[in-house]
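**Q** Residue numbers (numbering that gives the first Met the number 0), protein chains in the order written: chain A, 0 to 207; chain B, 0 to 207.
What you were told as hints is all true, and nothing was included just to trick you.
Derived lysine-lysine pairs resembling DSS-like cross-links, with alpha carbons at most 25 Å apart:
1) K179(A) to K202(B)
2) K179(A) to K203(B)
3) K179(B) to K200(A)
4) K47(B) to K57(B)
5) K46(A) to K200(A)
6) K173(A) to K207(B)
7) K110(B) to K202(A)
Don't read these hints as lab results, they were simulated from the structure. Just so it is clear, the structure is predicted and the values come from calculations on it, not from any experiment.
2 protein chains.
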Amino acid sequence: MIKESVDSYLSAAASRSPAPGGGSVSALGGALGAAMSSMVANFTVGKKKYEDVQEEVKKILSESEECRLKLEELVEGDIEAYTRVSSAYSLPKETDEEKENRREEIARATKEAIAVPLEIASCCFRVLELCRRLVDIGNKRLISDVGVSVLLAWAALQGANLNVEINLSSLEDKSFVEEKRSVIRPLLAEGRMILDEVAGKVKKEIVK
Amino acid sequence: MIKESVDSYLSAAASRSPAPGGGSVSALGGALGAAMSSMVANFTVGKKKYEDVQEEVKKILSESEECRLKLEELVEGDIEAYTRVSSAYSLPKETDEEKENRREEIARATKEAIAVPLEIASCCFRVLELCRRLVDIGNKRLISDVGVSVLLAWAALQGANLNVEINLSSLEDKSFVEEKRSVIRPLLAEGRMILDEVAGKVKKEIVK
Numbered sequence: 000m001i002k003e004s005v006d007s008y009l010s011a012a013a014s015r016s017p018a019p020g021g022g023s024v025s026a027l028g029g030a031l032g033a034a035m036s037s038m039v040a041n042f043t044v045g046k047k048k049y050e051d052v053q054e055e056v057k058k059i060l061s062e063s064e065e066c067r068l069k070l071e072e073l074v075e076g077d078i079e080a081y082t083r084v085s086s087a088y089s090l091p092k093e094t095d096e097e098k099e100n101r102r103e104e105i106a107r108a109t110k111e112a113i114a115v116p117l118e119i120a121s122c123c124f125r126v127l128e129l130c131r132r133l134v135d136i137g138n139k140r141l142i143s144d145v146g147v148s149v150l151l152a153w154a155a156l157q158g159a160n161l162n163v164e165i166n167l168s169s170l171e172d173k174s175f176v177e178e179k180r181s182v183i184r185p186l187l188a189e190g191r192m193i194l195d196e197v198a199g200k201v202k203k204e205i206v207k
Numbered sequence: 000m001i002k003e004s005v006d007s008y009l010s011a012a013a014s015r016s017p018a019p020g021g022g023s024v025s026a027l028g029g030a031l032g033a034a035m036s037s038m039v040a041n042f043t044v045g046k047k048k049y050e051d052v053q054e055e056v057k058k059i060l061s062e063s064e065e066c067r068l069k070l071e072e073l074v075e076g077d078i079e080a081y082t083r084v085s086s087a088y089s090l091p092k093e094t095d096e097e098k099e100n101r102r103e104e105i106a107r108a109t110k111e112a113i114a115v116p117l118e119i120a121s122c123c124f125r126v127l128e129l130c131r132r133l134v135d136i137g138n139k140r141l142i143s144d145v146g147v148s149v150l151l152a153w154a155a156l157q158g159a160n161l162n163v164e165i166n167l168s169s170l171e172d173k174s175f176v177e178e179k180r181s182v183i184r185p186l187l188a189e190g191r192m193i194l195d196e197v198a199g200k201v202k203k204e205i206v207k
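My request is simple: use the sequences and hints to build the entire structure.
**A** The structure is reproduced here in structure tokens:
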């Protein structure tokens with residue numbers, strides 16, 4: 000999908016086909032957010048005005064690019080994981096043995112599939128952390144792009160969370176459910192604080 | 000850009016090149032949100048369980064697709080508008096006459112450029128309104144996708160606003176500034192209410 004054109008991807012997402020769905024689209028939203036952090040860092044690297052922060056900004060750039068590429072992988076990763084869950088639902092369910100096997104396979108594929116939105120959430124959270132520094136040390140001419148970065152990364156983090164939760168809701172393994180929630184919930188809580196902080200600074204800089 | 004691959008677009012956005020920047024990326028984020036509304040509507044059309052709302056959902060689908068295609072155009076439209084502003088900044092500024100001409104051209108191109116994020120904001124707001132109905136009448140199996148739709152449309156609306164504001168900040172024509180603000184500010188205020196309402200309903204449905 001990532002090698003297809005932007006308008007093909009959008010048409011496929013809009014169509015009556017389950018994939019790409021909300022998980023993949025969240026990964027792409029996060030990748031757009033990461034790309035904006037990279038752009039801001041790219042316009043800060045090598046600028047005399049920002050010479051004191053060159054080393055840190057280079058590190059931010061390398062991390063935002065890592066997040067962007069990971070999120071691009073997850074655009075496809077979510078489609079693959081979804082396909083495996085769908086296949087499990089298509090298993091035969093005539094005999095008791097078949098039913099039991101199908102139930103186990105669905106649970107197994109669903110647990111595996113949850114790894115994808117969890118990873119999307121983790122990458123988006125990292126982008127939020129990078130924005131928290133970029134808003135202070137990045138090229139001030141691109142302050143609105145830091146804003147777009149933080150807004151999209153936050154939307155994508157929450158979108159990933161919805162995909163984690165909807166998958167968890169079909170599972171009976173309560174300890175698995177609690178374990179995964181304990182991973183993503185702190186990211187949401189801390190993420191909202193970073194969003195408010197960064198968005199506040201961006202607005203203060205722009206609307207004078 | 001829209002005919003290029005997803006990964007080429009993302010690389011270009013991340014690169015040390017001003018376009019695509021935050022305006023174009025916001026338009027694409029909004030298009031992703033609109034695509035999710037279309038998908039939910041597509042999976043509601045023709046379903047017996049939702050026969051009472053068929054006419055309304057078909058209308059929603061047609062509107063979400065209209066928003067998506069308009070936002071796709073604006074992904075490119077923002078790049079073109081930005082290029083015209085940049086060209087104005089490159090005009091000669093040796094003589095007083097040249098300086099005056101350059102100043103006027105920059106203001107003219109900037110005023111024109113603001114039309115793009117204003118239109119992005121208006122399309123994203125429309126997507127939010129569609130989500131407000133879809134969360135109640137759309138296929139419940141895709142409830143998390145309604146959530147992703149509303150989250151991305153809201154992020155994109157705010158991203159568009161940052162691009163409106165940063166362009167307004169360079170203008171001296173105060174009545175123009177106030178006029179444009181009076182267009183976008185109600186969309187933000189009402190948009191936040193819709194976001195809270197829809198996101199609340201989505202969570203209630205998913206996390207039980």
